[in-house]
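Asker: Based on the sequences and whatever the hints tell you, model everything.
Here's the letter readout for the chains.
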Amino acid sequence: MDALLKVKDLNAGYEFTNFKTWAVRNVSFELNKGEFLGIAGESGCGKSTLAFGVIRLLMPPGKIFSGSIEFNGIDLMKVDDESLRKMRWKEFSMVFQASMNVLNPVLKVRTQIYNSIKYHVNMTESELDKRAKELLNLVNVSSKYLDAYPHQLSGGMKQRVVIAMALALNPKLVIMDEPTTALDVVVQRRILQEVDELRKQLGFAIIFITHDLSLLVEISDSLAIMYAGQIIEKAPSEKLYAKPLHPYTYGLMHAFPPLVGKRQKLHGIAGRPPDLSSDIKGCPFYPRCEKRINGVCDVENPKLVEIESEHFVACHLYDGK
Amino acid sequence: METVQKTKNVIEVKNLVKEFRIGGIGRTRIVHAINGIDFWIKEREVLGLVGESGSGKTTVARVIVRLYEPTSGKIFLNGQETPLRMKHKELVNYRKHVQMIFQDPFSSLNPLHTVGYTLTRPLKIHRIVEKGKIKDRVLQILEEAGLIPPKQIYDKLPYELSGGQRQRVGIARAIAVQPQLILADEPTSMLDVSIRLDIMNQMLELKEKEGVSYLFITHDLAGAHYMSDRIAIMYAGHLVEIGPSDDVINDPKHPYTQLLKKAAPKPEAGLEPEKVDVGGEVPDLTNLPPGCPFEPRCPFAKPECKERVPDMVKISEDHFVRCILYKNAG
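For the record, the sequence lines run as chains L and U. Residue numbers for the first sequence follow my numbering, so the first one is 539 and each next one is one higher. Residue numbers for the second sequence follow my numbering, so the first one is 5 and each next one is one higher.
Possibly wrong hints are sitting among the right ones.
Simulated DEER-style distance windows between Cβ atoms [stated by the list, open to error]: (1) L:L622 x U:M194: 32 to 38 angstroms; (2) U:G40 x L:E828: 45 to 51 angstroms; (3) L:E828 x U:N82: 20 to 26 angstroms; (4) L:V798 x U:I152: 43 to 49 angstroms; (5) L:E732 x U:G40: 56 to 62 angstroms; (6) L:N639 x U:Q144: 42 to 48 angstroms; (7) U:E164 x L:N556: 17 to 23 angstroms; (8) L:V798 x U:L88: 36 to 42 angstroms; (9) U:I26 x L:N570: 47 to 53 angstroms; (10) L:D813 x U:Q262: 25 to 31 angstroms; (11) L:D813 x U:V133: 55 to 61 angstroms; (12) L:P774 x U:I34: 51 to 57 angstroms; (13) L:V798 x U:P294: 34 to 40 angstroms; (14) U:Q262 x L:H689: 49 to 55 angstroms.
Listed below are the simulated DMTMM-like cross-link pairs for lysine to aspartate or glutamate, each with C-alpha atoms no more than 25 angstroms apart in a straight line [claimed, not checked]: (15) U:K331 x U:D42; (16) U:K266 x L:D750; (17) L:K800 x U:D233; (18) L:K646 x U:D288; (19) U:K266 x L:E735; (20) L:K646 x U:D250; (21) L:K803 x U:E147; (22) L:K803 x U:E49; (23) U:K266 x L:E620; (24) U:K266 x L:E732; (25) U:K213 x U:E49; (26) U:K265 x L:E776; (27) L:K800 x U:D251; (28) L:K616 x L:E568; (29) L:K803 x U:D233; (30) U:K12 x U:E23; (31) U:K310 x U:E321; (32) L:K800 x U:E285; (33) U:K265 x L:D547; (34) L:K803 x U:D250; (35) L:K682 x U:E285; (36) L:K546 x L:D613; (37) U:K12 x U:E56.
Keep in mind the hints are simulated off the structure, nothing from the lab. For clarity, every value in this text was computed on a predicted model and none was experimentally measured. Yeah, the Cβ is synthetic: ideal placement off N, Cα and C, and Gly gets one too.
Answerer: Below, the structure is given as structure tokens:
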């Protein structure tokens with residue numbers, strides 16, 4: 539398969555006058571065309587910074603320190619701001635966290651969809667109308683809501699409208715940053731199903747960011763687990779679920795109680811993630827890890843290596859295997 | 005409902021109703037947030053209250069702790085009926101027995117007060133311990149709530165604490181007066197997945213130690229199952245099903261409970277997700293349909309569902325459901 543997005547040794551974070559927060563540390567990954575990649579991790583592990591970083595959307599004090607990003611054969615690090623602006627929405631788009639607040643409350647849904655299209659392509663009024671109706675149909679919102687204001691829509695409908703806008707120009711990649719966390723379980727499940735169906739139908743790739751691993755396991759092709767700014771494990775979903783290799787992944791998977799079956803006592807992961815504005819010596823998970831090897835894990839940060847085919851992990855437990 | 009129980013009911017609610025008036029003069033509308041619910045919680049029992057946002061579950065907690073006055077209905081504490089409208093003194097006395105943990109640990113603590121001050125207040129207001137022993141007691145409570153080392157935590161301001169630690173302060177504040185009932189309003193939903201379990205375990209431990217009962221409000225069915233002895237499912241201001249946790253989760257009766265179970269993520273059941281094909285959303289609470297509130301979304305709806313809200317029927321010991329598909333088991 540062809541890679542759509544190649545990220546190599548990306549370092550990004552936030553630069554302040556007296557200190558620097560290093561939120562993404564040496565991240566490399568590839569995303570194929572039409573692939574659904576889930577990125578999971580606790581809050582503050584750098585997943586949103588990574589998502590903003592790969593489409594160069596980080597605003598000051600946010601900054602990419604080093605690394606390379608190749609999108610569809612184009613080196614994104616070398617593209618100037620104006621061409622980048624033209625590429626956004628057409629080539630890649632983004633659905634933000636709490637998107638219901640993204641809609642302008644004083645503009646009709648129709649105007650907002652028109653605006654996002656008109657900026658990039660020339661269309662006549664009737665073409666715009668046709669496209670807007672198509673888009674709403676795509677996300678199962680009746681086209682009568684084109685002339686409604688955002689407050690007349692429910693949370694789920696607003697989220698669907700925002701997704702429709704992200705798909706307006708048939709992008710090749712859609713980044714979704716916790717798009718469903720503010721929604722109810724039933725609506726959340728419906729929207730995820732619809733997004734997945736649309737992806738199969740229209741062939742765009744998705745990077746889906748969430749802290750809720752249980753949601754991702756069922757729906758994404760592959761999963762990357764982030765901790766302290768690094769990808770510590772990446773594998774196809776079913777492999778990762780069947781056999782989580784990193785102790786942190788294992789902990790995350792057992793941090794939510796199962797719905798069915800016998801009730802038994804479970805434990806979370808003790809401690810908290812390290813401060814990302816400091817230098818971390820050794821493995822960032824070392825202080826919280828139950829399987830740490832003293833003298834190894836606190837000295838050297840493990841590299842992300844392929845242990846089995848397509849299954850990458852950064853952990854000293856698998857050294858020499 | 006029959007309420008003859010062997011163990012004592014800490015709280016019992018009968019036909020509780022809460023309405024809010026909204027809108028300007030001449031345009032007032034009534035939001036029917038709670039439409040006549042009945043339940044009880046026994047000593048050392050956890051009742052999970054599950055529903056989508058807007059189903060009225062937070063309102064239930066706020067009415068019981070009397071942050072809102074109930075519109076009508078009866079609330080019994082230890083078998084004694086409590087007045088619907090309370091004077092200040094009655095309220096203070098009532099809250100010695102009923103406390104609340106709030107959803108948002110970031111906004112429920114005063115940012116200008118140290119943890120020590122926050123925990124000293126309830127002890128002073130309710131005159132729980134002698135003046136000279138207050139600090140010792142606060143340190144003891146901090147330790148019980150898993151805030152270690154208590155002496156350092158005592159002088160900290162909320163911004164110096166992590167989300168999980170703040171929620172522990174919220175828990176400590178609730179247990180400080182040694183209440184009989186704690187209303188926990190989604191105490192873990194704002195926390196990271198990795199620490200949710202620790203907070204839930206802490207609450208369960210305190211239940212055993214302090215002999216407290218909980219109303220555990222959540223939208224997460226799996227979390228409710230983990231915490232609760234019994235689970236109540238709420239929809240549009242009605243309880244639609246209530247019963248022992250295992251029964252409600254493993255064999256849900258009400259179509260809405262079945263829908264919730266289908267929609268909940270459950271990777272342990274295999275990687276092929278179940279399709280959720282029920283559309284629609286929660287009805288408008290200012291304009292409720294006269295019949296069953298779930299009828300517009302229900303895959304089993306019949307014409308008579310539109311006519312009136314079905315009665316609660318008892319299908320087995322302690323298991324009740326509000327749906328015409330079921331008959332009284334006697």
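Asker: Against this structure, judge whether each hint is valid.
Answerer: Here's how the hints hold up against the structure:
Restraint check, L622 (chain L) to M194 (chain U): a C-beta distance of roughly 35 angstroms satisfies the suggested window 32 to 38 angstroms. A hinted range of 45 to 51 angstroms for the beta carbons of G40 (chain U) and E828 (chain L) is consistent with their spacing of about 50 angstroms. Checked against the hint of 20 to 26 angstroms, the C-beta distance between E828 (chain L) and N82 (chain U) comes to roughly 44 angstroms, which is inconsistent with it. About 35 angstroms separates the C-beta atoms of V798 (chain L) and I152 (chain U), a value inconsistent with the hinted range of 43 to 49 angstroms.
As the Cβ distance of E732 (chain L) to G40 (chain U) is approximately 36 angstroms, the hint placing it in 56 to 62 angstroms is violated. Against the hinted window of 42 to 48 angstroms, the Cβ-Cβ separation of N639 (chain L) and Q144 (chain U) comes to about 43 angstroms, which satisfies the hint. Roughly 20 angstroms separates the CB atoms of E164 (chain U) and N556 (chain L), a value that falls within the hinted 17 to 23 angstroms. Between V798 (chain L) and L88 (chain U) the C-beta distance comes to about 41 angstroms, which sits within the given range of 36 to 42 angstroms.
The hinted range of 47 to 53 angstroms is satisfied by I26 (chain U) and N570 (chain L), whose Cβ atoms lie roughly 51 angstroms apart. Look at D813 (chain L) against Q262 (chain U): about 45 angstroms separates their beta carbons, and that is not inside 25 to 31 angstroms. Between D813 (chain L) and V133 (chain U), the C-beta spacing of about 38 angstroms breaks the proposed range 55 to 61 angstroms. Distance hint for P774 (chain L) and I34 (chain U): a CB-CB separation of about 53 angstroms, consistent with the stated range 51 to 57 angstroms.
The hinted range of 34 to 40 angstroms is satisfied by V798 (chain L) and P294 (chain U), whose Cβ atoms lie roughly 36 angstroms apart. The beta-carbon spacing between Q262 (chain U) and H689 (chain L), approximately 32 angstroms, falls outside the hinted interval of 49 to 55 angstroms. Distance restraint check for K331 (chain U) and D42 (chain U): the Cα-Cα separation of roughly 19 angstroms lies within the 25 angstroms cut-off, and the hinted pair is therefore satisfied. Only pairs whose Cα atoms come within 25 angstroms are accepted, and K266 (chain U) paired with D750 (chain L) is accepted, the gap being roughly 17 angstroms.
A C-alpha spacing of about 13 angstroms is found between K800 (chain L) and D233 (chain U), which places the hinted pair at or below 25 angstroms, so the restraint holds. Annotation: proposed proximity of K646 (chain L) to D288 (chain U) holds, straight-line Cα distance about 22 angstroms (limit 25 angstroms). Annotation: proposed proximity of K266 (chain U) to E735 (chain L) holds, straight-line Cα distance about 18 angstroms (limit 25 angstroms). Restraint check for K646 (chain L) and D250 (chain U): not satisfied, since their Cα atoms lie roughly 47 angstroms apart, outside the 25 angstroms limit.
Note on K803 (chain L) and E147 (chain U): the hinted pairing holds, with a Cα-Cα distance of about 21 angstroms set against a maximum of 25 angstroms. Our distance criterion of 25 angstroms between C-alpha atoms is met by K803 (chain L) and E49 (chain U), whose separation comes to about 17 angstroms. A distance of roughly 46 angstroms separates the Cα atoms of K266 (chain U) and E620 (chain L); the hinted pair therefore is violated under the 25 angstroms criterion. Note on K266 (chain U) and E732 (chain L): the hinted pairing holds, with a Cα-Cα distance of about 16 angstroms set against a maximum of 25 angstroms.
Taken as a hint, the K213 (chain U) and E49 (chain U) pair is honoured in the structure, with Cα atoms around 13 angstroms apart against an allowance of 25 angstroms. Restraint check for K265 (chain U) and E776 (chain L): satisfied, since their Cα atoms lie roughly 22 angstroms apart, inside the 25 angstroms limit. Proximity of K800 (chain L) to D251 (chain U) is assessed by CA-CA distance (about 12 angstroms); at most 25 angstroms being required, the pair is judged to hold. A C-alpha spacing of about 19 angstroms is found between K616 (chain L) and E568 (chain L), which places the hinted pair at or below 25 angstroms, so the restraint holds.
For a cut-off of 25 angstroms, the pair hint linking K803 (chain L) to D233 (chain U) stands: about 14 angstroms separates their Cα positions. Between K12 (chain U) and E23 (chain U), the direct Cα distance comes to roughly 30 angstroms. Violation of the 25 angstroms bound is thereby established for this hinted pair. Restraint check for K310 (chain U) and E321 (chain U): the C-alpha separation of about 29 angstroms exceeds 25 angstroms, so the hint is violated. Proximity of K800 (chain L) to E285 (chain U) is assessed by CA-CA distance (about 31 angstroms); at most 25 angstroms being required, the pair is judged violated.
Between K265 (chain U) and D547 (chain L) the alpha-carbon distance is near 42 angstroms, which puts this suggested pair outside the 25 angstroms criterion. A distance of roughly 15 angstroms separates the Cα atoms of K803 (chain L) and D250 (chain U); the hinted pair therefore holds under the 25 angstroms criterion. Distance restraint check for K682 (chain L) and E285 (chain U): the Cα-Cα separation of roughly 17 angstroms lies within the 25 angstroms cut-off, and the hinted pair is therefore satisfied. About 11 angstroms separates the Cα atoms of K546 (chain L) and D613 (chain L), which keeps this hinted pair within 25 angstroms; it holds.
At roughly 30 angstroms between alpha-carbon atoms, K12 (chain U) and E56 (chain U) are farther apart than 25 angstroms, so this suggested pair is violated.
This entry does not satisfy hints 3, 4, 5, 10, 11, 14, 20, 23, 30, 31, 32, 33, 37, going by the numbered hints stated previously.
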